[in-house]
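Given the sequences, and given the hints that come with them, work out the whole structure.
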Amino acid sequence: MKVVVCIKQVPDTKGGVSFNPDGTLNRAAMLAIMNPDDKAGLEAALRLKDQYGAEVTVLTMGLPKATDVLREALAMGADKAVLVTDRVLGGADTWATSTTIAGALRNLEYDLVITGRQAIDGDTAQVGPQIAEHLGLPVISYAQDIKIDGDKVIVERLYDDRYHVLEAKMPCLITALAELNEPRYMTPGGIFDAFQAEITTWGRADLKDVEDGNLGLNGSPTKIAKASDKVRKGAGEKVVPDSPEDAVAYIIGKLDEKHVI
Amino acid sequence: MDFTLSKEHDMVRTLFKDFAENEVKPLAQEIDEQHRFPRETVDKMAKYGFMGIPVPKEYGGQGADTLAYAMCVEELSKVCGTTGVIVSAHTSLCIDPILTFGTEEQKQKYVVPLAKGEKLGAFGLTEPGAGTDAQGQQTKAVLDGDEWVLNGSKCFITNGKEADVYVIFAVTGKVEKRGRIMKEISAFIVEKGTPGFTFGTKENKMGICASSTYELIFTDCRIPKENLLGAQGKGFNIAMHTLDGGRIGIASQALGLAEGALETTINYVKERKQFGKAIGAFQNTQFQLADMATKVEAAKMLVYKAARKKDEYKKDPKVSYSVEAAMAKLYAAEVAMEVTTKCVQLHGGYGYIKEYDVERMMRDAKITEIYEGTSEVQRMVISAALLK
Numbered sequence: 046m047k048v049v050v051c052i053k054q055v056p057d058t059k060g061g062v063s064f065n066p067d068g069t070l071n072r073a074a075m076l077a078i079m080n081p082d083d084k085a086g087l088e089a090a091l092r093l094k095d096q097y098g099a100e101v102t103v104l105t106m107g108l109p110k111a112t113d114v115l116r117e118a119l120a121m122g123a124d125k126a127v128l129v130t131d132r133v134l135g136g137a138d139t140w141a142t143s144t145t146i147a148g149a150l151r152n153l154e155y156d157l158v159i160t161g162r163q164a165i166d167g168d169t170a171q172v173g174p175q176i177a178e179h180l181g182l183p184v185i186s187y188a189q190d191i192k193i194d195g196d197k198v199i200v201e202r203l204y205d206d207r208y209h210v211l212e213a214k215m216p217c218l219i220t221a222l223a224e225l226n227e228p229r230y231m232t233p234g235g236i237f238d239a240f241q242a243e244i245t246t247w248g249r250a251d252l253k254d255v256e257d258g259n260l261g262l263n264g265s266p267t268k269i270a271k272a273s274d275k276v277r278k279g280a281g282e283k284v285v286p287d288s289p290e291d292a293v294a295y296i297i298g299k300l301d302e303k304h305v306i
Numbered sequence: 357m358d359f360t361l362s363k364e365h366d367m368v369r370t371l372f373k374d375f376a377e378n379e380v381k382p383l384a385q386e387i388d389e390q391h392r393f394p395r396e397t398v399d400k401m402a403k404y405g406f407m408g409i410p411v412p413k414e415y416g417g418q419g420a421d422t423l424a425y426a427m428c429v430e431e432l433s434k435v436c437g438t439t440g441v442i443v444s445a446h447t448s449l450c451i452d453p454i455l456t457f458g459t460e461e462q463k464q465k466y467v468v469p470l471a472k473g474e475k476l477g478a479f480g481l482t483e484p485g486a487g488t489d490a491q492g493q494q495t496k497a498v499l500d501g502d503e504w505v506l507n508g509s510k511c512f513i514t515n516g517k518e519a520d521v522y523v524i525f526a527v528t529g530k531v532e533k534r535g536r537i538m539k540e541i542s543a544f545i546v547e548k549g550t551p552g553f554t555f556g557t558k559e560n561k562m563g564i565c566a567s568s569t570y571e572l573i574f575t576d577c578r579i580p581k582e583n584l585l586g587a588q589g590k591g592f593n594i595a596m597h598t599l600d601g602g603r604i605g606i607a608s609q610a611l612g613l614a615e616g617a618l619e620t621t622i623n624y625v626k627e628r629k630q631f632g633k634a635i636g637a638f639q640n641t642q643f644q645l646a647d648m649a650t651k652v653e654a655a656k657m658l659v660y661k662a663a664r665k666k667d668e669y670k671k672d673p674k675v676s677y678s679v680e681a682a683m684a685k686l687y688a689a690e691v692a693m694e695v696t697t698k699c700v701q702l703h704g705g706y707g708y709i710k711e712y713d714v715e716r717m718m719r720d721a722k723i724t725e726i727y728e729g730t731s732e733v734q735r736m737v738i739s740a741a742l743l744k
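Protein chains in written order, with the numbering used here: chain A, 46 to 306; chain B, 357 to 744.
Hints in this document: simulated from the structure, not taken from any laboratory.
Careful, some of the hints might be misleading.
[Claimed, not checked] Mimicking DSS-like on lysine-lysine, the simulated pairs with C-alpha atoms at most 27 Å apart in a straight line are: (1) Lys94(A) with Lys413(B); (2) Lys633(B) with Lys278(A); (3) Lys283(A) with Lys475(B); (4) Lys278(A) with Lys626(B); (5) Lys110(A) with Lys626(B); (6) Lys373(B) with Lys125(A); (7) Lys400(B) with Lys192(A); (8) Lys671(B) with Lys59(A); (9) Lys59(A) with Lys475(B); (10) Lys626(B) with Lys47(A); (11) Lys403(B) with Lys125(A); (12) Lys403(B) with Lys475(B); (13) Lys94(A) with Lys626(B); (14) Lys363(B) with Lys125(A); (15) Lys125(A) with Lys413(B); (16) Lys110(A) with Lys373(B).
[Stated by the list, open to error] Which residues of chain A face chain B? A few of them, derived with a C-beta cut under 7 Å, are: (17) Tyr208; (18) Tyr230; (19) Pro233; (20) Ile236; (21) Phe237; (22) Ala242.
[As the list claims (entries may be wrong)] Calculated Cβ distances over 10 Å to all of chain A for the following chain B residues: (23) Val368; (24) Lys413; (25) Gly419.
The C-beta atom is built at its ideal place from N, Cα and C for all residues, glycine as well.
See below:
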């Protein structure tokens, strides 16, 4: 069984977010980590490896610096790593990102493709399902549990108040939730080996069956027009209502006004 | 000369730091108060290979270097000095001598499970009458047919009773050296459960309370002849070689304790307000922090240098790291004691209360000036090399 996990290097939002003067994210100034949902997806794949002897490949698209998360994945136990990097791929929205990754996946053998539900920087949750669409694969999103039964996967798909149990024939694509599992640590020896391991690097020319018009900034139907910092909250106001009922009505009114409820 | 860490070492530090924060820190206070050996942490560390970091892969280890191992003990000790010394005693004092002096059979039988963390190791040298004067051994081993028969006792043994494999030193005869009659000391591997090998008093210590410190008792304890470690009569050299490496481990533990106390205190002085401002805004606090951070950095350089020197030794046995290890342990231990004491002071009354981590760190720091050779022994080693 072969599993490909798509992972993304994202800024560690716990370490604080910083912007460039032009409003774009200052990625150089921020700590970078493996996206948490992707890490859960990788852990799920590694458990399939422990259980069924699956071969796990990790794939990422990004700057050369993104090899850091590939090495982390190798140090956790992934078998192979692929970096897709090219100047023309920069500035991609979810469409251009998913066409790129689908183009890379066409070069690989897989029974299962796993992505995270969403990345904590863009927060769109679009790329996984779009990859599935490009490759004509069934997609099961929001997976909180994955089991294998012969040539089928059985997945619990989480909703707000329930979960569905879905069965799909492989090959298929699953998007994983961080709640899926507790990712394992790397091992010290795994880290030293990961820096000796070869990382396959692909550029534009290695993407299969992808048109130029669907790549990078030029191939993105959406454009970010403006990015701005969250407006800082002012000082709190002190209100002295006449009765507990008035207090509740006031708080509900405020929450409603701010679209919290 | 290069002071930047490799990317591998950066990543390995991130691993140790995450593990220490998530798995070790939440237990640190509880196991200290209950004097409880953290077996669950040892099992987790075994799972991730922390119990055999500098051991070659063919012997079940991680195949990483001494620097990575030192960083592991350092990061663990930042949040829990006890967890740091469990790894250190196991790796430096039990695995290292078997790996260095053992036969291929001994390595396969003992190093492999130890490095995988399936078994825990300990080192028995000290006796009630033989501490700094390690030549004053009373424990005896006599060859009887195919077995050595051990009689005597050892005290203050870290990982005692919890450990499965013990490297033990005993007198095997007398030799004449420069006209004087000296004891001939040899090293042995003894397994827990061997008839005649029992445990005595559990020590009730000031600090590193969760580490298991026991007296070992040997009463006609018979072990196979092939459990002699190294050549007969070479025990003293084996012990001294082992302690050189162990000192790097304890220096790393001391460094971690100092760093942990300093980090905690920096956070505290930013929050704690007196006279209308954070106490970190007072120049006394600032200068104390500056002095402590500078000493911690100096200690770190000595510790890392000693670890690097041991890695050079692994490639070229002519390289000696015993002076570097002695300097690192001496300085890091004294810095740990000074820094943790000052950090308690900067916490004021709260620093004296057990809910705050710094009082534990201060109690833990004191032992680093004593075990694996007191600060005075380190000064003897260093000055002997200077006056050679």
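Just pull the numbers of the violated hints for me, sorted ascending. Hints 3, 5, 8, 9, 10, 13, 17, 22, 23, 24, 25 are the ones this structure does not satisfy, whereas the remaining hints hold.
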